[in-house]
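Asker: Taking the hints into account, I'd like the entire structure generated from these sequences.
Number of protein chains: 2
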Amino acid sequence: MLVVDAMGGDYAPREIVLGVQDFVEETGEKIVLVGRENEIKKELTKKGKSLGYIEIINADEVVTMEEKPTVAIKKKESSVWKGLQLVREGVAQGFFSAGNTGAVMASAVLCLGKINGIDRPAIITLLPTLTGQTFLIDAGANVDVKPENLFQFAVMAQVYLKTAYQIKNPRVALLSNGEEEGKGNDLIKKTFPILKEKISGFIGNIEGKDIFRGVADIIVADGFVGNIVLKTGEGLAESIFVLLKNEVFTGLRGSLGGLILRESLQKIKKRLDYAEYGGAPLLGVNGIVFIAHGRSRRLAVRNGLKVMTKTVESGFLTELIKGDFNVWKD
Amino acid sequence: MLVVDAMGGDYAPREIVLGVQDFVEETGEKIVLVGRENEIKKELTKKGKSLGYIEIINADEVVTMEEKPTVAIKKKESSVWKGLQLVREGVAQGFFSAGNTGAVMASAVLCLGKINGIDRPAIITLLPTLTGQTFLIDAGANVDVKPENLFQFAVMAQVYLKTAYQIKNPRVALLSNGEEEGKGNDLIKKTFPILKEKISGFIGNIEGKDIFRGVADIIVADGFVGNIVLKTGEGLAESIFVLLKNEVFTGLRGSLGGLILRESLQKIKKRLDYAEYGGAPLLGVNGIVFIAHGRSRRLAVRNGLKVMTKTVESGFLTELIKGDFNVWKD
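Chains L and P are the protein sequences, given in the same order. Going by our numbering, the first sequence opens with residue 282, and the numbers climb by one from there. Going by our numbering, the second sequence opens with residue 282, and the numbers climb by one from there.
It should be emphasised that the hints constitute simulated quantities derived from the structure, not laboratory data. Any given hint might turn out to be false.
Any copy will do: because identical chains look the same in the list, a pair fits if it lies in one copy or spans two.
To be verified - Cross-link-like lysine-lysine pairs, in silico, PhoX-like; alpha carbons within 25 Å at most:
id, residue 1, residue 2
1, LYS443, LYS548
2, LYS330, LYS591
3, LYS550, LYS490
4, LYS322, LYS311
5, LYS551, LYS526
6, LYS548, LYS526
7, LYS490, LYS477
8, LYS311, LYS427
9, LYS464, LYS356
10, LYS550, LYS526
11, LYS395, LYS357
12, LYS443, LYS587
13, LYS548, LYS490
14, LYS477, LYS349
15, LYS349, LYS464
16, LYS464, LYS427
17, LYS470, LYS427
18, LYS470, LYS349
19, LYS490, LYS355
20, LYS395, LYS322
21, LYS587, LYS550
22, LYS395, LYS591
Answerer: Printed below as a string of structure tokens:
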């Protein structure tokens with residue numbers, strides 16, 4: 282059973298509840314929705330079998346999207362905290378939220394604790410490439426890190442891909458400003474030899490232009506760089522689509538060519554759309570926690586819950602706890 | 282008069298020489314080409330008036346694209362060093378190279394010296410946005426920097442935009458992982474209050490998704506992040522065009538729609554293409570130095586030389602020398 286934060290996200294609770302219903306209809310899995318009961322009930326449609334699989338647990342407090350994590354973690358009656366409690370108590374196998382990333386992270390660390398050997402939990406996120414997919418860790422959880430943190434990110438990511446995605450020996454790369462060993466800022470230069478010695482599957486540095494070429498399964502960066510890469514990609518893709526729309530549709534409007542182009546663009550957008558891939562797991566806490574984009578709508582929620590179910594069933598957490606995170610420190 | 286490194290770049294000397302000829306034909310400006318005389322002469326076509334405006338200075342040594350800067354700066358018979366010498370001696374007003382960025386930078390600092398008050402020269406590069414253009418500084422010169430370096434980058438960039446681009450009060454932003462003051466890694470958090478106090482036109486932090494929206498004229502980042510942002514953008518744009526080509530042209534091949542689409546894509550590609558904008562200046566050295574993309578072809582060389590001429594004529598260097606770069610240090 283999974284717990285979902287009904288109050289987190291720009292379109293909560295409506296789109297969260299709808300996404301949960303879609304998921305339940307399709308899979309028959311049980312979901313606990315945590316949040317303001319009357320608001321959740323208003324959004325629940327009376328369709329099909331879904332109502333029988335959804336339980337509501339009331340939580341009066343709400344963590345807002347702008348709230349400081351230090352404030353949020355004190356709200357013990359919030360949907361975030363009450364949801365995480367269910368995971369802690371073993372009642373639920375995972376917690377899903379499209380809410381305030383910093384607040385969910387801080388609450389998860391405090392409520393569930395960290396896995397032995399992990400200093401900093403990190404967010405891993407899927408990125409579509411020309412040939413398939415790659416995973417970026419850390420997508421924004423930790424802005425200032427040490428080499429041993431990046432090493433731990435790499436180990437956690439490998440365990441995640443091996444279990445939840447059945448990738449046998451995931452290729453790990455460091456994101457840098459040049460391919461050769463010795464390129465990079467101080468952090469990357471110090472991390473390189475650690476990964477080289479300890480990570481089977483380490484392929485060295487890659488550059489920004491290689492991200493979408495699919496040369497690595499796992500791309501390791503600190504959360505500051507990771508966040509900027511993700512948002513730059515998101516912004517650029519949107520800008521190109523705006524330009525295409527302005528440029529091309531003017532000439533093709535109403536024609537068969539226009540129709541074909543529109544369909545193709547939809548396909549490409551779908552390939553690039555975070556909503557298709559749902560949430561991103563927070564690796565390193567003692568429990569399975571997925572954090573979705575604040576703009577998630579029902580499709581992202583449904584898809585996120587599917588990936589989460591796969592992660593729970595894969596035995597990821599058990600394998601992660603067995604991981605060897607020891608490494609020399611400066 | 283400008284000096285051009287005929288031997289720098291993936292397509293040197295051929296494309297460099299052709300770009301110089303195009304530039305000279307169009308503008309009537311004089312150019313000195315430095316490099317292996319016999320190789321340059323082989324590429325010079327006998328067209329029009331251009332030969333009369335081009336002087337060749339022989340340089341036997343070549344700095345390769347892979348060479349370490351520490352090695353390159355010792356080659357005093359290279360096209361890079363001999364070209365920079367002409368600027369130092371006041372014979373030429375600017376040096377242009379599509380060669381090894383690190384080597385050209387290190388040589389420029391050594392040969393020309395730094396402007397008083399500047400600890401670290403930086404590369405500023407133009408990026409197209411939805412509404413026009415923005416400038417990113419540092420595009421890759423300095424991987425590990427201090428807050429006072431970012432402050433100096435901001436001041437230099439403002440002087441550059443005011444003089445060479447006649448933008449009156451350029452808006453300056455810090456690239457971060459969130460908009461609010463207090464977001465960012467340690468470097469950004471420490472830089473924010475300095476810019477806030479000292480830079481008129483400082484608009485605060487922006488995120489990666491804002492880069493292409495045209496909200497700022499100048500985006501300040503360290504060279505590690507700057508390089509990754511630029512290359513991520515380049516790689517993603519290329520990937521989207523590959524996907525578009527595969528998806529769309531299959532359906533539209535040979536049709537009128539296909540033709541219109543092809544034209545529109547060319548337009549957009551042109552808008553995003555670094556070649557359209559030519560080189561990026563290295564700000565902070567005692568002289569005007571432009572470093573172009575290694576993949577530059579004749580168009581990029583011609584356009585880069587045009588921007589360089591504009592920069593020389595704008596009095597940029599005189600204004601930069603007057604700049605106030607003083608700031609408290611930690």
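Asker: Indicate which option fits the pair LYS550, LYS490 if close means a Cα-Cα distance not exceeding 25 Å: within, between, both or neither.
Answerer: both (20 Å within a copy, 16 Å between copies)
Asker: One pair to classify: LYS490 and LYS355, alpha carbons no more than 25 Å apart. Within, between, both, or neither?
Answerer: neither (42 Å within a copy, 31 Å between copies)
Asker: Indicate which option fits the pair LYS587, LYS550 if close means a Cα-Cα distance not exceeding 25 Å: within, between, both or neither.
Answerer: Within. Shortest intra-copy distance 21 Å satisfies the 25 Å Cα cut-off; inter-copy 37 Å does not.
Asker: From the Cα coordinates, with 25 Å as the cut-off, is the pair LYS349 and LYS464 best called within, between, both, or neither?
Answerer: Intra 36 Å, inter 11 Å, cutoff 25 Å: inter-copy only.
Asker: 25 Å Cα cut-off: does LYS395 pair with LYS322 within a copy, between copies, both or neither?
Answerer: Intra 34 Å, inter 67 Å, cutoff 25 Å: neither.
Asker: Evaluate LYS464 and LYS356 at a C-alpha cut-off of 25 Å and name the case that applies: within, between, both or neither.
Answerer: between (45 Å within a copy, 23 Å between copies)
Asker: Using 25 Å as the alpha carbon limit, work out where LYS395 and LYS591 are close: within a copy, between copies, both or neither.
Answerer: Close inside one copy (22 Å), not across copies (57 Å); limit 25 Å.
Asker: Regarding LYS443 and LYS587, is the shortest C-alpha distance of 25 Å or less found within a copy, between copies, in both, or in neither?
Answerer: within (17 Å within a copy, 53 Å between copies)
Asker: Should LYS311 paired with LYS427 be assigned to within, between, both, or neither, using CA atoms and 25 Å as the limit?
Answerer: neither (40 Å within a copy, 52 Å between copies)
Asker: At most 25 Å between alpha carbons: which applies to LYS477 and LYS349, within, between, both or neither?
Answerer: between (38 Å within a copy, 23 Å between copies)
Asker: Pop the pair LYS470 and LYS427 into one bin, within, between, both or neither, using alpha-carbon distances up to 25 Å.
Answerer: Answer is both: 11 Å inside a copy and 18 Å across each meet the 25 Å cutoff.
Asker: Between copies, within a copy, both or neither: which fits LYS548 and LYS526 at Cα up to 25 Å?
Answerer: This pair counts as both: shortest intra-copy Cα distance 15 Å, inter-copy 13 Å.
Hints 1, 8, 19 and 20 from the earlier list are contradicted by this structure; the remaining hints agree with it.
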